[in-house]
Amino acid sequence: MAKKKIKDIVEELLHDFLAQNGYELYNVEFVKEGRDWFLRVYADKIQEGAEESYISTEDCERISRFLSEKLDKVDPIPQNYYLEVSSPGMDRELLKEEHYRRYRGRQVEVRLYQPIDGKKQIEGTLEDLKEDRIIVIDENKQSWELPLAQVAKTKLAVVF
Numbered sequence: 759m760a761k762k763k764i765k766d767i768v769e770e771l772l773h774d775f776l777a778q779n780g781y782e783l784y785n786v787e788f789v790k791e792g793r794d795w796f797l798r799v800y801a802d803k804i805q806e807g808a809e810e811s812y813i814s815t816e817d818c819e820r821i822s823r824f825l826s827e828k829l830d831k832v833d834p835i836p837q838n839y840y841l842e843v844s845s846p847g848m849d850r851e852l853l854k855e856e857h858y859r860r861y862r863g864r865q866v867e868v869r870l871y872q873p874i875d876g877k878k879q880i881e882g883t884l885e886d887l888k889e890d891r892i893i894v895i896d897e898n899k900q901s902w903e904l905p906l907a908q909v910a911k912t913k914l915a916v917v918f
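For the sequence shown, position 29 (counting from the first letter as 1) is numbered 787 according to the working numbering, and the numbering increases by one without interruption.
In short, the hints are calculated from the structure, not lab data. Everything hinted at is true.
Using C-beta positions, here's what the derived DEER-type ranges look like:
| hint | residue 1 | residue 2 | range |
| --- | --- | --- | --- |
| 1 | Glu-855 | Lys-790 | 23 to 31 Å |
| 2 | Leu-906 | Glu-787 | 16 to 24 Å |
| 3 | Lys-831 | Arg-891 | 42 to 50 Å |
| 4 | Asp-890 | Ser-814 | 34 to 42 Å |
| 5 | Lys-831 | Phe-918 | 42 to 50 Å |
| 6 | Pro-873 | Thr-815 | 38 to 46 Å |
| 7 | Lys-877 | Ser-822 | 35 to 43 Å |
| 8 | Pro-836 | Val-916 | 37 to 45 Å |
| 9 | Asn-838 | Gln-900 | 46 to 54 Å |
| 10 | Leu-853 | Ser-822 | 19 to 27 Å |
| 11 | Glu-827 | Phe-796 | 13 to 21 Å |
| 12 | Arg-891 | Phe-775 | 34 to 42 Å |
| 13 | Lys-763 | Ala-915 | 30 to 38 Å |
Idealized CB from N, CA, C, for every residue including glycine.
Let's have the full structure, built from the sequences with the hints guiding it.
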């Protein structure tokens with residue numbers, strides 16, 4: 759079964775359960791590492807208001823039990839795999855437009871495929887997402903308009 763199809767099935771199986779319990783699906787991966795397959799589900803609490811709340815290990819366990827039971831019934835994955843349910847983490851990767859919009863004003867680390875003005879990594883404040891570009895202001899107050907096609911990875915910076 760194609761990876762995308764498995765991802766879609768997991769999203770369908772979880773949709774109502776997550777919404778009813780105040781969670782949201784952040785990402786799903788179905789990957790092979792060495793000889794083993796992993797179905798990784800990243801979930802988070804639905805953010806309401808300005809204060810951030812984080813998913814707990816108990817929340818992840820609850821989601822894992824629910825999903826495991828559903829996957830056992832539907833059985834969409836022919837090979838053996840490990841199911842992992844976790845938080846996207848403090849240094850979460852921004853994958854979708856909604857992620858970029860949610861984390862406006864936060865510190866990010868952006869890695870590029872090709873250097874722009876001699877830099878392959880830009881760190882700064884995520885200002886905006888406009889069409890096919892993200893705008894980041896670095897510590898020197900320089901504004902960077904980075905084409906999404908050139909962005910290899912954007913993740914939240916962990917600031918202490």
